[in-house]
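Protein chains in written order, with full-length UniProt numbering: chain D, 1 to 297; chain G, 1 to 319; chain F, 1 to 304.
These are computed hints drawn from the structure, not numbers from a lab. Each hint can be trusted.
One side of the interface only, derived from the structure: several residues of chain F facing chain G at Cβ under 10 angstroms:
| id | residue |
| --- | --- |
| 1 | Gly199 |
| 2 | Arg207 |
| 3 | Val215 |
| 4 | His220 |
| 5 | Leu297 |
| 6 | Asp298 |
Sample of chain G residues lacking proximity to chain F, with all beta carbon distances greater than 10 angstroms (derived):
| id | residue |
| --- | --- |
| 7 | Leu29 |
| 8 | Gly44 |
| 9 | Thr129 |
| 10 | Gln192 |
| 11 | Val239 |
| 12 | Arg290 |
| 13 | Phe317 |
Just a sample of chain F residues kept apart from chain G, beta carbon distances all over 10 angstroms, derived:
| id | residue |
| --- | --- |
| 14 | Thr42 |
| 15 | Ala52 |
| 16 | Asp74 |
| 17 | Ile278 |
Every residue, glycine too, gets a C-beta built ideally from N, C-alpha and C.
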Amino acid sequence: MGVTSIARSPSSKRVNKKVFNRLLASPTGLVGLCIVFFAVTIAILAPVISPYDPALTNPVDRLVPPFWSEGGSTKYILGTDNLGRDILSRLIYGSRISILVGISAVVLAGAIGMFLGLIAGYYGKIWDFVIMRTVDAFLAIPNILFMLIILAVLGPSLMTLILVLGGTTWVVYARMVRSETLSIKEKEYVKSAKAIGAKNFRIIFKYIMPNVLPSFIVIATLNVATTIILEASLSFLGLGIQSPEVSWGLMLSDGRDYVATSWWVATFPGLAITITVLGVIFLGDWLRDVLDPKLKG
Amino acid sequence: MEKLLQVENLKVRFKTNEGYVSTVNGVSLEMKKGEILAIVGESGSGKSVTSLSILDILPPNGEVYDGEVYLEDKNLNKISKNEYRKLRGKEMSMIFQEPMTALNPVFTIGFQLRESLQLNLKMKKSEATKKGIEMLELVGIPDAEKVMTRFPHQLSGGMRQRVMIAIALSCDPKLLIADEPTTALDVTIQKQILKLMKNIREKLNTGILIITHDLGVVAEIADRVAVMYAGEIVEEASVFELFKNPKHPYTRGLMASIPKIHDVVDKLHSIEGMVPNPAEMPSGCKFHPRCPLADNECVSNHPKLEKISDTHAKRCFKV
Amino acid sequence: MKYFFLNVIKTVPVLILITLIVFILVRVTGDPVALMISENATEQEKAELREALGLNDNLIVQYINYMGSIIQGDFGESFRYNTDALTLVLDRLPASIELAIVSMILATIVSVPLGILSAIKRNSLLDLFITGISVVGKAMPNFWLGIMLILVFSVMLSLLPVSGSGTLAHTILPAVALGTGIAAEMTRLIRSSMLEILGQDFIRTARSKGLFEAVVVNVHAFRNALIPVVTIMALQTSTLIGGTLITETVFAWPGVGQLLIQAVNLRDMAVVQAAVFIIAIAVIVSNLLADLIYRLLDPRIKYD
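The shape of chain D in the complex, shown without the other chains (with noise of 0.2 angstroms):
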């Protein structure tokens, strides 16, 4: 252990240091992180690696294998959909929904829980009792059912989409947050803050937030994950990216339907989407290793 004092302790060149040689420890730490790093530079270089637009249909070139299989040709690497639409561009565009889906839900279920959170442990009472019967109810019911309500109610969307799944995901944090602060509340120094005079904003601001943050990141990193699948689940459906934009999940969709004679066009997006979500999975077992080895198990 003793791991935790470190990474907690302000960040100094030799901290670094240990942190990356820990990562070189792990091989499943780097690899997620390769692949992590791959999947963002590709969708924010994707306007200039793509071969071709996206969304560009060709009636001529309707469902071409891949390069290497029989029919296939070098003009498209991995072959082409239904709509003679190239795959691999489509993967690459693909990323930049799945990437900033996943970052935007996150970021907005992790904004949401970390406040509810911080309220319900820092002023307890009737704050905690409204926030954690609410985090009760959203725990009993699964997450798909409010969004499909929310989808079905507003219509998809790729805004409604990063809402919703924001939405409804914040219930997790809120829940780690709350309990988190209400052990730090009770550390001698936020007691003697409060002692000296401390405001409660800066309070909650300067010393709890701080060290919920490890947790609070590690469980972040590993929702990106769920949401990056949830999303490709909802654009599978039909409920949530809509054509002429591109996501795996609704690529997966068009692939569902040719997959009796096209086995690319299903096959593809579904590895991109495996490979992106192991290598954040890699990514979060290993933050969590590091920075918070107290969630393991």
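Since the structure of chain D is provided, determine the placement of chains G and F on it from the hints.
Frame of chain D; chains G and F shown alone:
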């Protein structure tokens, strides 16, 4: 009396991230039938590991890498894992320090008692139940029939230790190993359990190997004592001799650290320092860093265990 | 039994909260009439419906009326099927339950031996392999796995039907697709739980009694390891049910999930509400069951 257990030059090591660490370094013991032998030492002296290796139930990273164990005339190093398993529970059994955690929390006392009877003595369930009740009565549990249907958490610590003893004795083993059987219990219960073990020796002629750090327990129950330090026996004697005439400076230190209620002591004479870490064993006599008598010889040479009488042996150059 | 009833009572506020949330979402965030009637209805039809639904009353009166009809099982009519929404949902329920149970059984059959094996062979190649597979199983979206299963077993090998239901052959692929994620999670849980239990004192006691190693592991250790596994699996019911929605759509499995997704796409709000309510009850019931199993597994609970 006939020989029951013989341990010859037993060595045990554990695999760790830093390589192998040896915690038992050549222990030899002998026990006769119906005898009570105590192994005394601080924690980390290797006394529990010795007892676990006699039963072949070391944790997965531990292994006996040298030495031999005989039960009566059988060489236990030469038998298969399965034959060893058959000896456990039936020929030799064990009770542990923590009665709170040594019983499985999700099964009834009856289940845990019957289990070894049905397996080791091929009893039918009804026979095993009858025998189980008998055993509970033998170890002084009132309402034995009711207790059979109870779960461990419903019994007190002392009762659980009695149940453990009942289970350990149920198949009438020749050897009972008791690893700190009373440490977790309060003083009055301690006395009762020790008395119970003595009675059992009288009734069943069971040999008992008792592992303890408490010389009070030794005085109360044992016939002979072996004092262990850093994986070796440093002194071995009959109880009477050891208390009357302790030789090894470590034994004397242990004796002195028993608080005597009636004495007015200026200073609690206990041994300074700690049991050495098995990974960083001192040279020569392993006790020399803590020994008041140590000189150059002790630093460079390793003393042998030598007999000073028929019933007394010590491992020290200086006494 | 007392605990059981106590837990049933505890779920009532949750159910009320759900109705409140659904009510607010449906009535406040848009024009409910637009949602409840097909898009090419005339203005007059809409006005009639508005009056008939009591939408001109104030919100509290509306909510009380809404609750009243829910208690009577009246969620309104599906405009797509022109039948009672609740009946429609209940008709589809057995198929969903079948799929969920078969997947659960499959997941258990796979994960129990794998979890135990990787715990007793800790840090071996086998352990690494099993842990590796379960991480991949967790990372794979189940609908993609479903499509890949169709690709391999239906398209390439022609062994199993692509979609539909009715026979055992129809059940296999959806159940595997749905069960894999659960099996992955369970394997991980069983492994860590077994590792903890195998280090406990009573395992050493069991060994000292001369029991077979298989009995020590599968009876003494596993019975204890199951307790935390059941607790955490109860919390996973949501995942299972979320998974059912999508798996049913992939395999055209005629369950509540597929119906709900269709209804959401068509904005058939009566059916959406009925389905959400029934699924919520299903989640609550399965949590109660898990709680009951937990009490059966751990004798310490009853008497504390």
